[in-house]
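Listed in order, the protein sequences are those of chains A and B.
The first sequence maps to residues 540 to 652 in the numbering used here.
The second sequence maps to residues 124 to 237 in the numbering used here.
What the hints contain is simulated information worked out from the structure, not anything from laboratory work.
All of these numbers come straight from a predicted model, not from anything done at the bench.
Here a beta-carbon is modelled for each residue, glycine too, at the ideal position from N, C-alpha and C.
Hints should not be assumed to be uniformly reliable.
What the hints assert, rightly or not - With a Cα cut of at most 30 Å, we get these calculated DSBU-like pairs of lysine-lysine:
no. : chain 1 : residue 1 : chain 2 : residue 2
1   : B       : Lys132    : A       : Lys577
2   : A       : Lys577    : A       : Lys542
3   : B       : Lys132    : A       : Lys609
4   : B       : Lys137    : A       : Lys542
What the hints assert, rightly or not - Calculated from the model, a selection of chain B residues having no Cβ within reach of chain A, i.e. all distances over 10 Å:
no. : residue
5   : Pro131
6   : Ala147
7   : Glu175
8   : Thr177
9   : Asn185
10  : Glu202
11  : Pro206
12  : Gln208
13  : Ser217
14  : Asn223
15  : Gln224
16  : His227
17  : Leu234
Said to hold, decoys possible - From the structure, some residues in chain B lie toward chain A, with a derived Cβ separation under 8 Å:
no. : residue
18  : Phe133
19  : Met164
20  : Gly165
21  : Leu168
22  : Tyr187
23  : Phe213
24  : Arg220
25  : Gly221
26  : Pro225
27  : Gln226
28  : Asp230
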Amino acid sequence: AQKVTQAQTEISVVEKEDVTLDCVYETRDTTYYLFWYKQPPSGELVFLIRRNSFDEQNEISGRYSWNFQKSTSSFNFTITASQVVDSAVYFCALKNYGQNFVFGPGTRLSVLP
Amino acid sequence: NAGVTQTPKFQVLKTGQSMTLQCAQDMNHNSMYWYRQDPGMGLRLIYYSASEGTTDKGEVPNGYNVSRLNKREFSLRLESAAPSQTSVYFCASSEGRGSNQPQHFGDGTRLSIL
């Protein structure tokens with residue numbers, strides 16, 4: 540069975556603080572893919588990043604970074620020097636090869652000025 | 124590029140009315156999906172179409188029907204709307220279930236059932 544847990548329902552930070560959003564997944568498959576999506580207040584779902592199970596390299600894109608650790612089944616997302624525009628709901632998702640996507644419940648991030 | 128287009132964006136229905144949500148994608152994707160999003164529940168899969176000509180139930184299919192009209196279009200029908208179906212509905216598409224590519228989403232339809 541596939542499952543994604545995002546234990547943090549809501550997080551509030553003050554602008555310029557760093558914040559990490561946790562994602563823990565469960566799967567028995569050896570080939571799988573992990574994703575992060577952003578849903579700003581306007582409502583659309585925006586794809587941020589994909590990671591393949593065989594590629595544990597961490598990735599940095601500007602203020603965003605992702606830490607993939609198979610040993611702990613985690614794919615955490617860190618925003619450095621947060622900005623008000625980062626306020627959104629963030630979803631982590633898992634996809635086993637040949638199967639459908641499974642989304643976590645989301646983490647609502649509020650960045651206060 | 125339009126990506127995934129959903130219509131309408133907003134709709135208010137009375138209990139018992141029927142309606143069809145339309146979705147079209149222009150990315151030549153094989154798979155298409157319908158989700159509903161309720162507060163605190165994340166995205167729940169209603170129905171999906173792994174490829175043209177096939178449809179399958181997802182996690183919450185009761186009260187809905189779908190049609191994969193062609194490769195581009197995947198519609199969701201509420202035959203007799205109920206207040207419990209008040210939600211935001213998202214259509215999505217992807218290359219296919221064997222692909223590692225992400226899903227692309229439409230902008231959503233906000234549906235209220237009175």
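So which of those numbered hints doesn't the model satisfy?
Structure breaks hints 3, 4, 13, 14, 15, 16, 18 and 22.
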